[in-house]
Amino acid sequence: MQNAAATNGAGASQPKKLEPLIYDLGAPGRIGVNLPDCDVPKTALPADLLRADLALPEVGEVQVVRHFVKLSKLNYSIDQGLYPLGSCTMKYNPKINEDAARLPGFAQLHPLTDGDGAQGALFLMHELQTWLGEISGFEAVSLSPAAGAQGEFAGILMIRQYHIDRGEGQRDIILVPNSAHGTNPATVTMAGMSVRELPADAQGNVDLAALRDVCAGDLRDRIAGMMITVPSTLGLFEATILDVVEAVHDAGGLMYMDGANMNALMGAVKPGQLGFDVMHYNLHKTFSTPHGGGGPGSGAVGVTAALAPYLPGPVVAVIEEENEQEPPLYGLVMPEKSIGRLKAFQGNFGMHLRAYAYIRVYGDAGIRDVTRYAVLNANYLRARLMATYKVPYPRYCGHEFVLEGHFDDAEDVHALDISKRLMDYGFHPPTNYFPLIMPEALLIEPTETEVKEDLDAFVAAMERIAEEARSEPETLLNAPHTAPVRRLDEVKAVKELVLCCAPALPIGARD
Amino acid sequence: MSYIPHTDAETRQMLRAIGVDSIDDLFEAVPAAHRFPGLDLPAPMSEMDVAAEMLAISEANDHAGDFAVFRGAGAYHHFIPSVVNHMLLRGEFYTAYTPYQPEISQGTLQATYEYQSMMCALTGMDAANASHYDGATSLAEAVTVALEAGRRKRKKIILSHAINPQYREVVRAYHLGRDIRIIGDRGRGEVVDLMEMLDDNTAMLAVQYPNYFGQIDDFSRLAEAVHASGALLVFVANPIALSLFKSPGELGADIVVGEGQPLGIPLGYGGPYLGYFAIRQKYVRRIAGRIIGETVDADGRPAFVMTLRPREQDIKRERASSNICTNQGLMALAASIYLALMGKNGLRQVGELNYHKAQYAADQIDRLDGYSVDRSKPFFNEFVVACPRPVAEINDELLAEGIIGGVDLGEHYFHLQDHMLVCVTETNSKAEIDRLAEILGGLN
Chain A
4 MQNAAATNGA GASQPKKLEP LIYDLGAPGR IGVNLPDCDV PKTALPADLL RADLALPEVG
64 EVQVVRHFVK LSKLNYSIDQ GLYPLGSCTM KYNPKINEDA ARLPGFAQLH PLTDGDGAQG
124 ALFLMHELQT WLGEISGFEA VSLSPAAGAQ GEFAGILMIR QYHIDRGEGQ RDIILVPNSA
184 HGTNPATVTM AGMSVRELPA DAQGNVDLAA LRDVCAGDLR DRIAGMMITV PSTLGLFEAT
244 ILDVVEAVHD AGGLMYMDGA NMNALMGAVK PGQLGFDVMH YNLHKTFSTP HGGGGPGSGA
304 VGVTAALAPY LPGPVVAVIE EENEQEPPLY GLVMPEKSIG RLKAFQGNFG MHLRAYAYIR
364 VYGDAGIRDV TRYAVLNANY LRARLMATYK VPYPRYCGHE FVLEGHFDDA EDVHALDISK
424 RLMDYGFHPP TNYFPLIMPE ALLIEPTETE VKEDLDAFVA AMERIAEEAR SEPETLLNAP
484 HTAPVRRLDE VKAVKELVLC CAPALPIGAR D
Chain B
-17 MSYIPHTDAE TRQMLRAIGV DSIDDLFEAV PAAHRFPGLD LPAPMSEMDV AAEMLAISEA
43 NDHAGDFAVF RGAGAYHHFI PSVVNHMLLR GEFYTAYTPY QPEISQGTLQ ATYEYQSMMC
103 ALTGMDAANA SHYDGATSLA EAVTVALEAG RRKRKKIILS HAINPQYREV VRAYHLGRDI
163 RIIGDRGRGE VVDLMEMLDD NTAMLAVQYP NYFGQIDDFS RLAEAVHASG ALLVFVANPI
223 ALSLFKSPGE LGADIVVGEG QPLGIPLGYG GPYLGYFAIR QKYVRRIAGR IIGETVDADG
283 RPAFVMTLRP REQDIKRERA SSNICTNQGL MALAASIYLA LMGKNGLRQV GELNYHKAQY
343 AADQIDRLDG YSVDRSKPFF NEFVVACPRP VAEINDELLA EGIIGGVDLG EHYFHLQDHM
403 LVCVTETNSK AEIDRLAEIL GGLN
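Top to bottom, those sequences are chains A and B. Position one of the first sequence corresponds to residue 4 (this note's numbering), numbered consecutively onward. Position one of the second sequence corresponds to residue -17 (this note's numbering), numbered consecutively onward.
One chain only, chain A, in its complex shape (with noise of 0.2 Å):
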């Protein structure tokens, strides 16, 4: 096979692969699954148009089984524990919404079937929408971004458009703190606009004056909105909020809230009510729809009625008022001066139905519970790792926190090391190195569902790597010892760039 010496070529004493690559196992002929024989007449199929060969594996089906539970089992999970990867709100999968999802009136449902046979899809989103702005405090929702990154660039593409219909196309500077997600960034970048960055002052909020110096400078008649996180990606409300959304405000520009941390607010506060125009949520975060490893997401936004008519779509509306005998008809439209659409259909429905699974599980009283204990598990362990660690900011969290990875008396350990240490003690690192403000951060972030015996363990697994870091540095840096591999050669990766083993295709294929 072609890509051997690529990748095992090195010498019998080398270590393997933990497990064999499915296009190692198998052999010709094999096959894994049992289809039907052809039930109707063969055609001729057009010679000329047929493809020689078609290089995939050739497996049984109890080898795929074996080969992908093997696999699994070198990945950690919140299954497995506590997954404290601060912005990213890995909190429990319930799973009675992967039943639900796999329910044959939602898995076997047709994205074209027309608006009467989809009636039970059209109020399950339509619920979900009203559920969204409701906690939110937004006027109207559409689920179709698929994901976080997308819910950001409908928001900006939304405020891009706003300002256009209104005469003012030459707004075309979004306003970013530099403790922001790079995505926020980016996304200005992909909609054509230009990032203005803002400091943070020492508290780690948006610095106030810095803020109204810019609207009230040259670029003021060129400020299209700002894009923040609230609370902040150091986990921090911001104490002048509302006086960053009035300075925004005056100088004619719209706000725009990265719903990344909405775990911190629900029934606590309306992002709506704060005076944002427009915002999206995390389902994948917030609303427990699994992370997948790595996707599906689904980025629904919320937006003030000024922007309504700009949402992507479709969203679902009541074509058909209820009556006496008759529930009211939903169906799919296109908001009235929309950006678009974003992605085919009408977004991640799977997750739509396991977001609603899940809010109408908690409820209205429950859903404010979710925030709270999320909040108090933040900073529960905020307190206990204060004795231990460098925390900066001086004041109650949000649902995460940053302490500093990095000791005055241990030079060499890094917030890194710390991370990959955490992995020989049984628990998922925080995030590191972000926000980038911070150097040496560690972004924690437990979420509510996290028992207290767990949050004791991590913190006394953190308290043992802090002694460590002081008796026996080698270890952090040599860290992990008992994950399945060790740490990897990332330039080796970049530099020679396998990213494909699949056999090698018929001669004049390639360039």
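Don't take every hint at face value.
[What the hints assert, rightly or not] One-sided excerpt, in silico: chain B residues whose CB lies under 8 Å from chain A:
#1 -12
#2 18
#3 43
#4 59
#5 84
#6 85
#7 253
#8 323
#9 389
#10 392
#11 421
[Stated by the list, open to error] No farther apart than 20 Å at their CA atoms in a straight line, the calculated lysine to any residue pairs in the SDA-like style are these:
#12 A:495 - B:293
#13 A:495 - B:282
#14 A:45 - B:-3
#15 A:495 - B:291
#16 A:495 - B:283
#17 B:264 - A:501
#18 B:298 - A:45
#19 A:498 - B:266
#20 A:98 - B:32
#21 A:45 - B:349
#22 A:495 - B:32
#23 B:412 - A:41
#24 A:495 - B:264
#25 A:98 - B:-15
#26 B:359 - B:169
#27 B:298 - A:200
#28 A:455 - B:-3
#29 A:98 - B:159
#30 A:340 - B:159
[Unchecked claim] Chain A is nowhere near these chain B residues, computed Cβ spacing over 10 Å in every case:
#31 6
#32 26
#33 135
#34 278
#35 334
#36 368
#37 396
#38 398
#39 420
Since the hints were made in silico from the structure, they are not lab data. No residue lacks a Cβ here, since even glycine has one placed at the ideal position from N, Cα and C.
Add chain B to chain A, keeping to what the hints say.
Then chain B, alone, in the frame of chain A:
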């Protein structure tokens, strides 16, 4: 309290450790006037009741469990082996995050690497990323790559009208803020007409394979013409069709994108799906989204890691070419499992079943009075039928007989009023096809 495990005693202990009296004290930074607003949501519900409600809602839909489906147009009802779902339900896969910590994510990383490899094999490309959101957004991302490859000086994008109309809408929305021209899809231009539009301002030309009407166009001179103009050739391809037909790589494509849903992902009312994206080696550094590469660990053990990271938004920020962050990891895993099960022999068999059944269905319908099938080009598992009555009327009648008929092409194509796009897959039995023809025959 549902999924919150705290006892009152524990809550009190935790509050004491923090040094506050109540949880609400932790929210002091929220402006008092807006703190703890009312929430108008329904009351909490037990798991048992939620399960019953979800079942009731789901059954208010006309789904493929109860109906024979002859509808495709970008979403396809295929057989999915049980193994796929069982593997996806392993919590180790679906409750993991993006594999930023490779030491404890080798499962996701290797499965994604295998997915990339199998997509390369199918498409005839050198590299594939870990996925985009769906086929439409993959095409929109291909536009970005082509603009970058043309050093942002080439500003013309040529799209065939026979690309899925929703995909073309997505491309336009994605690039609203960019100074580019998207042309080619307003009329009914054939591939040769698109070739006429090529010039030194063209960044890319995209076609669909099989096209939106299920047909295979003549691409024999296309690659040469596109490359002579200095543009990139992009194929939007149905991966099941690639089990039978020449790979886009063989036909000269530079980028191949498409909807991976047919590879083991249920219809699911349109999502989550899988945008696959494959490309030739020379453009690989322009690819957006996550890519998994092979390397070694500190002991020299071969292992996998996310690579080419500096392209991504969390590092490059406003200079990144895309903001993509989360992709469709679990859906790529589904495709990986599906392709491993089907393999070289099974996927070809699925492709042939689709082909033979669609040809058979077309024969049955074509001979009916008032109906005619467009046979001007070879087709795979979809075909266009000219109908004697409006498609909506026919579909109402079919629905009453337990059949979900084809898409009404008149909604997106003015010249195709009263034309239906019929899809036939391996899931449609001969009896279903015969029944479809019988009912249509009675509706002329």
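Hints, verified against the model:
Interface restraint check: residue -12 of chain B against chain A, minimum CB-CB distance 6 Å, threshold 8 Å, status holds. Among the interface hints, the one on residue 18 of chain B holds; its C-beta lies about 6 Å from the nearest C-beta in chain A, closer than the 8 Å criterion. Using the Cβ-Cβ criterion of 8 Å, the hint placing residue 43 of chain B at the interface with chain A is satisfied: the shortest such distance is roughly 4 Å. Because the beta carbon of residue 59 of chain B sits about 7 Å from the nearest beta carbon in chain A, less than 8 Å, this interface hint is met.
Because the beta carbon of residue 84 of chain B sits about 5 Å from the nearest beta carbon in chain A, less than 8 Å, this interface hint is met. Residue-level restraint check for residue 85 of chain B holds (minimum Cβ-Cβ distance to chain A is 4 Å; threshold 8 Å). Because the smallest distance between the Cβ of residue 253 of chain B and any Cβ of chain A comes to about 4 Å, under 8 Å, the interface hint for this residue holds. Nearest Cβ of chain A to the Cβ of residue 323 of chain B: about 4 Å, under the 8 Å cut. The hint holds.
Because the beta carbon of residue 389 of chain B sits about 6 Å from the nearest beta carbon in chain A, less than 8 Å, this interface hint is met. The criterion of a C-beta within 8 Å of any C-beta in chain A is not met by residue 392 of chain B, whose closest approach is roughly 14 Å, and the hint is violated. With a least beta-carbon distance of about 17 Å to chain A, the hint placing residue 421 of chain B at the interface is violated under the 8 Å criterion. For the suggested pair residue 495 of chain A and residue 293 of chain B, the alpha carbons sit about 17 Å apart, so the restraint of at most 20 Å is met.
Distance hint between residue 495 of chain A and residue 282 of chain B is fulfilled; the C-alpha atoms sit about 11 Å from each other, no more than 20 Å. The hinted pair formed by residue 45 of chain A and residue -3 of chain B fails the criterion: a straight-line CA distance of about 73 Å is larger than 20 Å. Of the pairs offered as hints, the one joining residue 495 of chain A and residue 291 of chain B holds, with about 13 Å between alpha carbons and a cut-off of 20 Å not exceeded. Only pairs whose Cα atoms come within 20 Å are accepted, and residue 495 of chain A paired with residue 283 of chain B is accepted, the gap being roughly 13 Å.
Distance restraint check for residue 264 of chain B and residue 501 of chain A: the Cα-Cα separation of roughly 14 Å lies within the 20 Å cut-off, and the hinted pair is therefore satisfied. Proximity of residue 298 of chain B to residue 45 of chain A is assessed by CA-CA distance (about 54 Å); at most 20 Å being required, the pair is judged violated. Taken as a hint, the residue 498 of chain A and residue 266 of chain B pair is honoured in the structure, with Cα atoms around 13 Å apart against an allowance of 20 Å. Note on residue 98 of chain A and residue 32 of chain B: the hinted pairing holds, with a Cα-Cα distance of about 12 Å set against a maximum of 20 Å.
Distance restraint check for residue 45 of chain A and residue 349 of chain B: the Cα-Cα separation of roughly 18 Å lies within the 20 Å cut-off, and the hinted pair is therefore satisfied. For the given pair, residue 495 of chain A sits about 50 Å from residue 32 of chain B by alpha-carbon distance, which is inconsistent with the 20 Å threshold. For the proposed pair residue 412 of chain B and residue 41 of chain A, the alpha carbon gap of about 9 Å is at most 20 Å, so the pair holds. Proximity of residue 495 of chain A to residue 264 of chain B is assessed by CA-CA distance (about 19 Å); at most 20 Å being required, the pair is judged to hold.
For the hint pairing residue 98 of chain A with residue -15 of chain B, the CA-to-CA distance comes to about 11 Å; that is within 20 Å, so the pair holds. Proximity of residue 359 of chain B to residue 169 of chain B is assessed by CA-CA distance (about 19 Å); at most 20 Å being required, the pair is judged to hold. Note on residue 298 of chain B and residue 200 of chain A: the hinted pairing holds, with a Cα-Cα distance of about 14 Å set against a maximum of 20 Å. Annotation: proposed proximity of residue 455 of chain A to residue -3 of chain B holds, straight-line Cα distance about 12 Å (limit 20 Å).
Note on residue 98 of chain A and residue 159 of chain B: the hinted pairing is violated, with a Cα-Cα distance of about 41 Å set against a maximum of 20 Å. Of the supplied pair hints, the one linking residue 340 of chain A and residue 159 of chain B holds, its CA atoms being roughly 16 Å apart against a limit of 20 Å. A cut-off of 10 Å between C-beta atoms contradicts the statement that residue 6 of chain B is not in contact with chain A; the least separation is 7 Å. Listed as outside the interface, residue 26 of chain B is inconsistent with that label: its C-beta sits roughly 3 Å from the nearest C-beta of chain A, within the 10 Å cut-off.
No beta-carbon of chain A is positioned within 10 Å of the beta-carbon of residue 135 of chain B; the least distance is around 17 Å. Its closest Cβ contact with chain A, about 5 Å, brings residue 278 of chain B to no more than 10 Å, contrary to its assignment away from the interface. Listed as a non-interface residue, residue 334 of chain B fails to keep its Cβ farther than 10 Å from every Cβ of chain A; the least gap is roughly 7 Å. In this structure residue 368 of chain B is separated from chain A by more than 10 Å, as the shortest Cβ-Cβ distance comes to about 20 Å.
Distance to chain A confirms residue 396 of chain B as a non-interface residue, since its nearest Cβ pair spans about 19 Å, more than 10 Å. At roughly 16 Å, the least C-beta separation between residue 398 of chain B and chain A is larger than 10 Å, which holds for a residue marked as non-interface. With 10 Å as the threshold on Cβ separation, the claim that residue 420 of chain B sits away from chain A holds: the shortest Cβ distance comes to roughly 15 Å.
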